[in-house]
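Chemist: Following the hints, position chains B and C against chain A.
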Amino acid sequence: MPTLSIRKIRPNVETLVLAADLTGTVVFAVEGALSAMRGGLDLLGVMVISFVAALGGGVIRDLLIGDSPPNAIRDWRYPALTFVTGLLTFVFHSAAQQFPVALITVLDAAGLALFAVAGVEKALLFGIRPFIAMLMGTITGVGGGVIRDVLMARVPLVLHADIYATAAFAGAFSVVVARRAGLPPGVAALAGGAVCFILRVLAVTYGWHLPKVSLSALA
Amino acid sequence: MPTLSIRKIRPNVETLVLAADLTGTVVFAVEGALSAMRGGLDLLGVMVISFVAALGGGVIRDLLIGDSPPNAIRDWRYPALTFVTGLLTFVFHSAAQQFPVALITVLDAAGLALFAVAGVEKALLFGIRPFIAMLMGTITGVGGGVIRDVLMARVPLVLHADIYATAAFAGAFSVVVARRAGLPPGVAALAGGAVCFILRVLAVTYGWHLPKVSLSALA
Amino acid sequence: MPTLSIRKIRPNVETLVLAADLTGTVVFAVEGALSAMRGGLDLLGVMVISFVAALGGGVIRDLLIGDSPPNAIRDWRYPALTFVTGLLTFVFHSAAQQFPVALITVLDAAGLALFAVAGVEKALLFGIRPFIAMLMGTITGVGGGVIRDVLMARVPLVLHADIYATAAFAGAFSVVVARRAGLPPGVAALAGGAVCFILRVLAVTYGWHLPKVSLSALA
Chain A
1 MPTLSIRKIR PNVETLVLAA DLTGTVVFAV EGALSAMRGG LDLLGVMVIS FVAALGGGVI
61 RDLLIGDSPP NAIRDWRYPA LTFVTGLLTF VFHSAAQQFP VALITVLDAA GLALFAVAGV
121 EKALLFGIRP FIAMLMGTIT GVGGGVIRDV LMARVPLVLH ADIYATAAFA GAFSVVVARR
181 AGLPPGVAAL AGGAVCFILR VLAVTYGWHL PKVSLSALA
Chain B
1 MPTLSIRKIR PNVETLVLAA DLTGTVVFAV EGALSAMRGG LDLLGVMVIS FVAALGGGVI
61 RDLLIGDSPP NAIRDWRYPA LTFVTGLLTF VFHSAAQQFP VALITVLDAA GLALFAVAGV
121 EKALLFGIRP FIAMLMGTIT GVGGGVIRDV LMARVPLVLH ADIYATAAFA GAFSVVVARR
181 AGLPPGVAAL AGGAVCFILR VLAVTYGWHL PKVSLSALA
Chain C
1 MPTLSIRKIR PNVETLVLAA DLTGTVVFAV EGALSAMRGG LDLLGVMVIS FVAALGGGVI
61 RDLLIGDSPP NAIRDWRYPA LTFVTGLLTF VFHSAAQQFP VALITVLDAA GLALFAVAGV
121 EKALLFGIRP FIAMLMGTIT GVGGGVIRDV LMARVPLVLH ADIYATAAFA GAFSVVVARR
181 AGLPPGVAAL AGGAVCFILR VLAVTYGWHL PKVSLSALA
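Chains as they are written, first to last, in the UniProt record's numbering: chain A, 1 to 219; chain B, 1 to 219; chain C, 1 to 219.
Just chain A, same shape as in the assembly:
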């Protein structure tokens, strides 16, 4: 009875995706909250940064691909989750700072992978061409961090350090290539997520960076 077994499996896959989505959202929100507290923001600022760090990338993607209003505005549970996460991180900041760095890195890489894959898939679903869909996946993954840094009046980290947006792009790229190669969407998504996750973890582990050129500011 394959139909039955698929029916049995599908809820588990959906549960897994939902769990990953919520994990990514919470991890990004906690990191945003800690970053906001380090920047001297007050409780409201911390909650706002939690919200934009976790959901800002998806909002930009939805505005750009024309899914209006953006999902984070339609489904009140996501904003509510990020505000509560920001509040709890504020209250229990001593505990939040004790999270092992390695654990945060791994969870953040998992969140990035999920956001990038979900972003490219949603863009493809909306009829966006593959190359642009890869950009939309990347923006879904890194856009929240960019808005966070802009609101904190700093140059966004992804523009000058780390293999981060690059990992998101590599994951989104892999999804498109795997689909073109005829792999089923689920397998393509898994492959793309794995590429993003592994590249990110390797980059942190071995301290990989993209090249830079120093030009004199006066040149």
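None of these hints come from the bench; they were simulated from the model.
Think about it this way: if two alpha-carbon atoms lie no more than 20 Å apart in a straight line, the pair counts; the simulated SDA-like pairs of lysine to any residue are:
hint, chain 1, residue 1, chain 2, residue 2
1, C, LYS212, B, ALA153
2, B, LYS122, B, ASP75
3, C, LYS212, B, VAL91
4, A, LYS122, A, LEU183
5, C, LYS212, B, PHE92
6, B, LYS212, A, SER94
7, C, LYS212, B, LEU43
8, C, LYS122, B, TRP76
9, A, LYS212, C, HIS93
10, A, LYS122, A, VAL177
11, C, LYS122, C, VAL17
12, B, LYS122, B, ALA19
13, B, LYS122, B, GLY186
14, C, LYS122, C, ALA178
15, C, LYS212, B, GLN97
16, B, LYS212, A, LEU88
17, C, LYS212, B, ARG38
18, A, LYS122, A, ALA110
19, A, LYS212, C, ALA95
20, C, LYS122, B, SER68
21, C, LYS122, C, GLU14
22, B, LYS122, B, PRO184
23, A, LYS212, C, VAL84
24, A, LYS212, C, LEU87
25, A, LYS122, C, ASN71
26, A, LYS122, A, THR15
27, B, LYS212, A, ALA96
28, A, LYS122, A, GLU14
29, B, LYS212, A, ARG38
None of the values given here were measured: they were computed from a predicted structure.
Modeler: Frame of chain A, contents of chains B and C only:
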């Protein structure tokens, strides 16, 4: 003749709301212009900051709730009003700086209250769920100031000081609660506006702030 | 045979407009890339800044006038062109820095003129009122530079220096006035482009600036 008396009253209410809307827009534009001059911007910069400070919150709200093009783009009178206000503030900057601080605070609080209430009502009208509609009201009130600060390369004031966004949210929250309690929309709007206005004026008067946690930037 | 001769001419006009559009895009992307390298961004940051500097103005315009998804998201060739330009500027940065300043100024002024005219025309086509359409033309010309500066955590150059946005606005204004005066759209576009280009080149040549008022930051 109740119909007649309603007809007689309605224009007055509409006139009042329009007057409040224009007052809020002008006050936000004047404050934006003064802030831009203090930041060393030129005449064009002053006019741009007047525009975004007064209308930026409504533009973000309209983009997010899917009212496209945003109202400030459809109705040329609002942008024109902010540009003229910016120009006049630039020319008569000595006079503009003499406005009593207390008067500015009261007018600004009135503008914030009106924007927050109008924002939550418009979002509800567009079928946005109540909790998100409250956020849209808050964004309508504070979004202009956030863009102003981002364009001036500073951390937005509302994220690290003052009871300001909090007052806007409290007002928007009150509108929703009052409607749920069965109050007519006009009464709910008045109640929400009063909550926002009074909370803001009390916070300035007594120097209330939200809590902060100082984390080491290196933590 | 006027119909035939028009048919013969039109492709040339279209080719000219396309060539001008591509030139403007490439020039803005090269300038963005050099600016990003001076700001210490890495290769990805350089490519992102090339993209936003060249296409950001059009994306804002399209979001505001309700053309969703924005053109730069629908047509993959524009983003691809800016990324490749960013990459090549990064690799051949020594050569890119040798471009004569006068040539860059002239090409940049041409790009600004084209973007401003194209922006006002697209807005009019979408039924936007003339005054707002002029603003949309201006935003098309300068919006990319504004996002570039915001991402690099600086006050946007157009807000405090130079006759730049003013030239874009003058060009967009001229297009509307020329159309109102009954000139054919092609002539109006040429006139508007010429006004913007000449005003910009004159302003750079003679060091024109808009007036500023210095207010004490404490006032």
